[in-house]
Each structure stands twice: as structure tokens, then as C-alpha cells.
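Trainee: Top to bottom, those sequences are chains F and X.
So the first sequence is numbered by my numbering: it starts at 1 and just counts up by one.
So the second sequence is numbered by my numbering: it starts at 1 and just counts up by one.
Just so you know, the hints here were simulated from the structure itself, not pulled from any lab data.
Wrong hints could be hidden among the right ones.
It does not matter which identical chain is meant; a pair holds if it fits inside one copy or across any two.
[Unchecked claim] Under the rule of at most 25 angstroms between Cα atoms (straight-line distance), these lysine-lysine pairs were calculated in the PhoX-like manner:
(1) K73 x K140
(2) K30 x K73
(3) K34 x K73
(4) K109 x K34
(5) K44 x K27
Bear in mind the structure is a predicted one, so any value in this text is a computation, not a measurement.
These are the residues of each chain, in order.
There are 2 protein chains.
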Amino acid sequence: MTTSHLISEIQRKKSFLCIGLDVDLTKIPKHLLKEEDPIFAFNKAIIDATHHLCVAYKPNTAFYEAYGLNGWKSLERTIHYLNENHPEIFTIADAKRGDIGNTSKMYAKAFFEDLNFDSVTIAPYMGKDSVEPFLEFENKYAILLALTSNQGAFDFQTKTIEGKELYKEVLETAANYQNSDRLMYVVGATKAEYLGEIRKIVPDSFLLVPGVGAQGGSLLEVCNYGMTSNIGLLINSSRGIIYASNGEDYATAAAQAASILQQQMEDILNAS
Amino acid sequence: MTTSHLISEIQRKKSFLCIGLDVDLTKIPKHLLKEEDPIFAFNKAIIDATHHLCVAYKPNTAFYEAYGLNGWKSLERTIHYLNENHPEIFTIADAKRGDIGNTSKMYAKAFFEDLNFDSVTIAPYMGKDSVEPFLEFENKYAILLALTSNQGAFDFQTKTIEGKELYKEVLETAANYQNSDRLMYVVGATKAEYLGEIRKIVPDSFLLVPGVGAQGGSLLEVCNYGMTSNIGLLINSSRGIIYASNGEDYATAAAQAASILQQQMEDILNAS
Chain F
1 MTTSHLISEI QRKKSFLCIG LDVDLTKIPK HLLKEEDPIF AFNKAIIDAT HHLCVAYKPN
61 TAFYEAYGLN GWKSLERTIH YLNENHPEIF TIADAKRGDI GNTSKMYAKA FFEDLNFDSV
121 TIAPYMGKDS VEPFLEFENK YAILLALTSN QGAFDFQTKT IEGKELYKEV LETAANYQNS
181 DRLMYVVGAT KAEYLGEIRK IVPDSFLLVP GVGAQGGSLL EVCNYGMTSN IGLLINSSRG
241 IIYASNGEDY ATAAAQAASI LQQQMEDILN AS
Chain X
1 MTTSHLISEI QRKKSFLCIG LDVDLTKIPK HLLKEEDPIF AFNKAIIDAT HHLCVAYKPN
61 TAFYEAYGLN GWKSLERTIH YLNENHPEIF TIADAKRGDI GNTSKMYAKA FFEDLNFDSV
121 TIAPYMGKDS VEPFLEFENK YAILLALTSN QGAFDFQTKT IEGKELYKEV LETAANYQNS
181 DRLMYVVGAT KAEYLGEIRK IVPDSFLLVP GVGAQGGSLL EVCNYGMTSN IGLLINSSRG
241 IIYASNGEDY ATAAAQAASI LQQQMEDILN AS
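Start from the sequences and build out the full structure, keeping to the hints where you can.
Mentor: Set out below in C-alpha cells:
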């Protein structure tokens, strides 16, 4: 998908919502457990109920790997369902991968070619040759961890390296990687006040913002600091939407929760 | 596996060799491609031919994920084969995972419980709550990336953060994580001269050292700087062993290549 296509979908749907498909079998409605593939059944119902309210879905691969072969099968079925039925949706494999060059190439092939995701999240610690293999694919994106939403972000990311915080060094260094126009960045909503600083370094890049909702970040604050003339934001919510109810009404409840965020986004887009 | 068991295996086999099972279908002998599961057939033959020469195997998960469901199945069969036939072997899932707490817990469950690996490699960028879930499992180990063997390591790892190089900050910070006695560290052999500095911070920890062989690191130099009274080293070689031949003699050739490294290790152990 091109970024201009993504932007036009945001404008059409009045939404820059990304829904995290982090499916935990202990949290989904009990009646689904008798399905042949409960994870896919859950995802399909969530997608059917919410696809008009969001522009992206983000399965976190950990939740699928935790169920071994069956989990991997559920992930494949989910991405195939999205690609076949909703090609207008931007898909994110939240995998946080990164390895030496020839290995990163294998990961890029796995997520971009075999599974046909539009993007994959990447950890920056191993530097240039661990990231660039992901940037070789046209109309595919690597979403680099910059400043994450968890407490552990303060262990290293916000510490000062060569005169600036590590996350800024990551943003500045990555901007010089080959095909860096195919980079987006993860910036946690729990650290919204940092977004102003981040926008000075990457004024136009899309930011994937987790941490609104369950982790306590504020949508309005994120938009105040981080929104660009092309929006430039994908706001993720996972648990607050997909586990809005654990009864038989879970899909309707997810749509209601997504709709509240979508309406807030529409108001923000109309006001800006 | 306990570390004392690992150390006694090193002493019994006179080897601290780890063999990387990074199986690429374009590089394995052509005649294997007609097998029902070529990756597992290759791994099984390599394991059968080399298990007496090494103390650890390290499949890099990227190479399995690149083949989707079939690849994941090959990984499962490989780790089951090792657990059933060679429980004395230390197994490493080279996955370089790391995510927010509840997600890292899912990864830990996937690799330690479902697949029953002894250890998994972890990226440090997201800090404490991304690492600690891996340290909750008794006799299991998280192998944290400190200083990697690739060129991109110089992008961030060797830069100065709060007065010291980032990789040192990672080592010092991680030493304070809960259950940090279950941590080991990745230190690339291509940067052997850094090992002296690293030993000042983690004098007793096991180091997993990739980069000997194909990437150009020297075994003797690594041992000079990094070996402890309990050895404290696992030296990985992947391509140099498993692709020593791409003919029908691939397993014998792999054993020969492994045997050369094992003999060098035996000499070093005898001399020390």
C-alpha cells in the first residue's frame, strides 16, 4: 500500500485507528473455544464488526506463536482474510524483529512476501544492516521502535547518548538508512509530551502510537503534539476494543468501543 | 538445564561449540528437497553427525518463519528431536524477541513451555519489563543482545550513553533485573577486544559468541579475552559447519568442520 492510499483511507473513514489483534484464549468468550480455530473465529468477527471504523489491524505475533503451529495457522488465516476481503486496510505484523543482514532478509521475506503484510515492527538495537533489508520492498514499511509505551523505555531509550536521548539518535540515524522513506516509527502514547521533540526530527513520517486506552495515553494529547497536515498518526488500541465484552456480544461491544475512538478522531480531524 | 550441568557437559566433551541451525532451502543439498520435510531431514542428519562435538544447537527462528507453517513445523520437529534424543544438549531459540511485559510473557511461554527450549535470545531496547518475563522460568535462560557481530552494532551499541558505551549500560542495567542470574549475553566474536571490558562487568556470566568463521572472528582471541574458570563461553558457528558441503556428504563434512573447532577448543581447554 502507498502512504497516499493510507492517507486517503484515513480521510474517507475519518479515522486513524489501528486495532491490535492480540488474541489470548483465556480472554475471549468461552463459546468460541469449541470452534475449530477459535483465534481466527474471534478475529474474523472483530474484523467484520469494526473494519469500517479503522484503517489498520495489528496482530502481535507473540500471541500467535504462543499457540505453536495452530497459532501460526490462525495468523495466516487472519492476514489472508484481511488481504482478500479488505485490501484497503493497512496491515501491521507487530513482530519487533531485527537480526544480522542475511537473517533480517529472511524475516522480511516471511512477513512481506509469504504473509503479505504491509508493514512489520522492527527493533533498532542491531543498527543499519538489521533494518535495511526490510526497506527493500516497494510499498512495504518497517516500523522502527523509537520510544515505546512501557516503563522499561526509561532503561535505555530516554538516556543521553552522544548529547541526545537514545530514541532521538535512533530517529536521526535511521533517517540516513537506504530507502528511509519506507520507515515509520513506534512512539508510545504514554509519553505524548515527547512527540513535539520527535516531530522536529521526523516531521512527515507516520507514527504508530500504542498505549491509548489500557496503558493510559490520551488521544487528544497525542494529536496535539504529533499530528501533521497528512495526519501522520496511526493510533493503536488492542485490549480496550477486542475485550470490551467477553460475552456473546463481544463483536458488537468491540464495534462500540472502536466507534467511540473513531468519533473522537473524526472530531479532531474536523477541528484541524 | 542448570549451568553446572552445561559446564560439566563442556568438560566431558572438551567442547564449548554451539552449532547454528540456520537452514536455507536454497543452500542445502538438492537431493533433500524431495523429502517430506527437507529442513528437518537436514537438521536431523546434522545433529546425528555432530552432537558429540558440540554442547548446544541454536536454530535462528527467522529461517523457519520464512517458510511459514511448514517452517514452524520443522522447528517444532527439530526441538522435539533434540529434547527426546539429546537432553544433555543446551538449546537456544535465536529469536531476538522483546516486547511489553504481557507480550514478552507470551513469547516466554512459546519458547520455554510449548517448545521447551533451554534459552532464547532477547533484544534489550525495551528495557526491564520486556526482559524480566523471560527470567521467571527456573533453569531457563534469556540471552540478551549486548554487542552484536554485525557492522550495524556501531550505530548505537558502541556509542556513549551516560558516560559509557551503550552495550556496557545494557550489561550493568540488566545485572539489576530480577533473577539476573538467568541472564547470558550475546557478544560478537568480530569484536573480541571488547571482551576484556565486558568481563569486568559480567565476570561469571555465560557469553554466546557468534561470528567465529563466516563472519571472521578468531576463536583464540575470544578465549584469551573472554574465558572464565567455568569456561563461560558458547562459541557459535553456523554456515561454516552446516554448509561445509552441499553434496550428499554434507553431514560428514559438517562433522569434519565441527571436529576442527572442537579440537581447537580441546587444545585451549587443556592449555588453560
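Trainee: Indicate which option fits the pair K44, K27 if close means a Cα-Cα distance not exceeding 25 angstroms: within, between, both or neither.
Mentor: Result: close within a single copy only, 16 angstroms intra versus 38 angstroms inter.
Trainee: One pair to classify: K109 and K34, alpha carbons no more than 25 angstroms apart. Within, between, both, or neither?
Mentor: between (34 angstroms within a copy, 23 angstroms between copies)
Trainee: Please work out whether the CA atoms of K34 and K73 approach to 25 angstroms or closer within one copy, between two copies, in both situations, or in neither?
Mentor: Classified as both: same-chain Cα gap 17 angstroms, cross-chain 24 angstroms, threshold 25 angstroms.
Trainee: How would you classify K73 and K140 at a CA-CA limit of 25 angstroms: within, between, both, or neither?
Mentor: within (23 angstroms within a copy, 27 angstroms between copies)
Trainee: My question is about K30 and K73: at a cut-off of 25 angstroms on alpha-carbon distance, are they close within one copy, between copies, both, or neither?
Mentor: within (20 angstroms within a copy, 28 angstroms between copies)
In this structure, none of the earlier numbered hints is contradicted; all agree with it.
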